[in-house]
Amino acid sequence: MSDADPSAEPTLDAAFVYAPELASWTLSPDHPFKPVRLALVKDLLETAGLLHADEVVAPTPLRPGELGRVHDAAYLEMVARVSRGERPEEAYRFGLGTADTPVVDGLHQSVEAVCAATVTAMQLVLDGRTRRAATFAGGLHHAMPDRASGFCVYDDLALAILRATDRGLRVAYLDLDAHHGDGVQQVFYDRADVLTISLHESGRYLFPGTGHSYELGTGEGRGLSVNLPLEPFTEDDSYLDAFDEVVPRALRAFGPDLLLVQAGADPHRDDPLADLSLTLRGLRDLYRRVAALADELTGGRWIVTGGGGYEAFSVAPRAWAQAWSAMTGREVPDRLPDAWRHRWREAAGGPLPERALDGPDDHPQQPRRQQVEEHNAAVAKRLSAVLEPIWRDHATMRASAATRAGAATRREGTS
Amino acid sequence: MLVRDIMTRPVVAIGPDEPIGDVTALMAQRRLRHFPVLDEGRLVGIVSDRDLRTVGSRHPKARPDVGVSDPVRALMTTLVWTAHPLDPIDEAASVLRHHAIGAMPVMESGDLVGIVTASDFLDALVEMTGVGRASTRLEVELPNRPGALAGLLDRLAARGANVASVLTTRSEPDVVAFVLRVGTMDGRGLARWLREEGYEIGWPLEREPSSGPEPT
Chain A
1 MSDADPSAEP
11 TLDAAFVYAP
21 ELASWTLSPD
31 HPFKPVRLAL
41 VKDLLETAGL
51 LHADEVVAPT
61 PLRPGELGRV
71 HDAAYLEMVA
81 RVSRGERPEE
91 AYRFGLGTAD
101 TPVVDGLHQS
111 VEAVCAATVT
121 AMQLVLDGRT
131 RRAATFAGGL
141 HHAMPDRASG
151 FCVYDDLALA
161 ILRATDRGLR
171 VAYLDLDAHH
181 GDGVQQVFYD
191 RADVLTISLH
201 ESGRYLFPGT
211 GHSYELGTGE
221 GRGLSVNLPL
231 EPFTEDDSYL
241 DAFDEVVPRA
251 LRAFGPDLLL
261 VQAGADPHRD
271 DPLADLSLTL
281 RGLRDLYRRV
291 AALADELTGG
301 RWIVTGGGGY
311 EAFSVAPRAW
321 AQAWSAMTGR
331 EVPDRLPDAW
341 RHRWREAAGG
351 PLPERALDGP
361 DDHPQQPRRQ
371 QVEEHNAAVA
381 KRLSAVLEPI
391 WRDHATMRAS
401 AATRAGAATR
411 REGTS
Chain B
1 MLVRDIMTRP
11 VVAIGPDEPI
21 GDVTALMAQR
31 RLRHFPVLDE
41 GRLVGIVSDR
51 DLRTVGSRHP
61 KARPDVGVSD
71 PVRALMTTLV
81 WTAHPLDPID
91 EAASVLRHHA
101 IGAMPVMESG
111 DLVGIVTASD
121 FLDALVEMTG
131 VGRASTRLEV
141 ELPNRPGALA
151 GLLDRLAARG
161 ANVASVLTTR
171 SEPDVVAFVL
181 RVGTMDGRGL
191 ARWLREEGYE
201 IGWPLEREPS
211 SGPEPT
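Chains as they are written, first to last, in our numbering: chain A, 1 to 415; chain B, 1 to 216.
None of these hints come from the bench; they were simulated from the model. Keep in mind that a hint or two might mislead.
Stretches of chain B that chain A covers, calculated by requiring three or more beta carbons in the stretch to come under 8 Å of a beta carbon on chain A [what the hints assert, rightly or not]:
(1) 86–92
(2) 133–146
(3) 154–165
(4) 178–186
The beta carbon of each residue, even a glycine, is placed where N, CA and C say it ideally should be.
So here's chain A without its partners, still in its complex pose (with noise of 0.2 Å):
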């Protein structure tokens, strides 16, 4: 870490990216895109007794101009027209007044504060405040630089990696939406310093379409695109295979010196936008691999957002509590806490789920189930075997990159 000093210690465990304007928006009354799923987790983390006052951080504002790294002049003016009320015919062109974006006044606001809110998250660590941090608000992953699309306006998780390589250093962005991060991929998809790795819905059946494997990405940033699409349907175990397969090579192979991680809760079976069919033991696992290699690799330093989740009262809050749990150690109580599950039953519109994972009765096998892993395993296989030597050669590289650092920092020791 260049600016903040590694060997201090940080104030806080983790921190908790928070306030009430991130869970008091919507795209429009009954879109699937709830952002109330925010206040849910708080709420289920602190009366838990998992999240410390102490923890919780309130955005600091962008930077004047720092939507602008990422966003074209043109659709930053058009979001900006239509937040003030006006409805241009060509909004279109920018993927706004569409059914997936719909516009609304205030909309500039609402987004740019989550912008903030992961850009905060990510400034916390950099500055040696805390090594984890989490702000489920942010992970809109599908804004593009000239178009909104998919839900997303605007690109929280490429500003925040931005501010990373500001500093010089290494980002690993691992998606693990049911979704395929297309954004984000494409903001970096020729960079050096920047690892993106999108674990996601086969872009055959799903939106947005794209992810294949063959995406790797090109020139400098070759072999530093990972997509790992997997077919309807894929559980628990053919999940975490695939992840185990290529991930942990993928990031150790690359050495990031922090990790962004986009853990939309979508994956999981009862999502209603999505065809995988993950269970909360399933996400659970997958957040825990996560920290483990934050650990093994970024001396803890990782960032976790939200993404898609659309079952936004019964699943989203669970999944994000295994998030938070996975980041500071402290385990989500098998029962749930009943305030909690009172307090919300009325916004859910009926019960919320009793226990933190799911039953087994919850999930009937699929019929597909051995096709699906047979899919799956082998097109993880593939995959890593075409990245192999693309690895190797990175690995080499860093090798001696760093070999010349080491004789360039003893020469100035030494006149």
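Given the structure of chain A, go ahead and fit chain B onto it with the hints provided.
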């Protein structure tokens, strides 16, 4: 879609007197598989990587009298199938398949303006399926009668869902199956709504009834 939309240009052409060895080297260097042969601007032949590979080999079609220093005119195919820029690509593709060839020079008023190869048709197929624009797969079976597709597109428009592509995958006397790519994240919601409107949707599948929230 027309040939001019998918053809490769500018096209690399060679003269009939180029030595075969040089042409082979140029083909490898440019990573191409077909060269039209032009004599003073006039198309006189075409030569493929397969033709060149027979030279000096024991290939059944190899000509023992032709060597790498001979001019390419000794080896080229002189009966050349060509396409016009305004040919529909389905017609051009069937000509390619019928003659079992890999490429056709594209000619307009006697001038060579491009070349269309099997790879161009594959690219067109990918383009036609709409992948590349953020979208969700939607499989629909429609009754085989006038207005059925128009009715579906009308319903999609009513939902504000933009259609990135429409592909016919199967056509029977009573039923036509379509694969559409629709610009929405909520493909399942769209499918549920279309089912309620009476449409037969193959994908996304209906979600099995979830066990739902547990009873209190």
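Cross-check of the supplied hints:
no. : hint    : verdict
1   : 86–92   : violated (count 0)
2   : 133–146 : holds (count 5)
3   : 154–165 : holds (count 4)
4   : 178–186 : holds (count 5)
In this structure, the one hint that does not hold is number 1.
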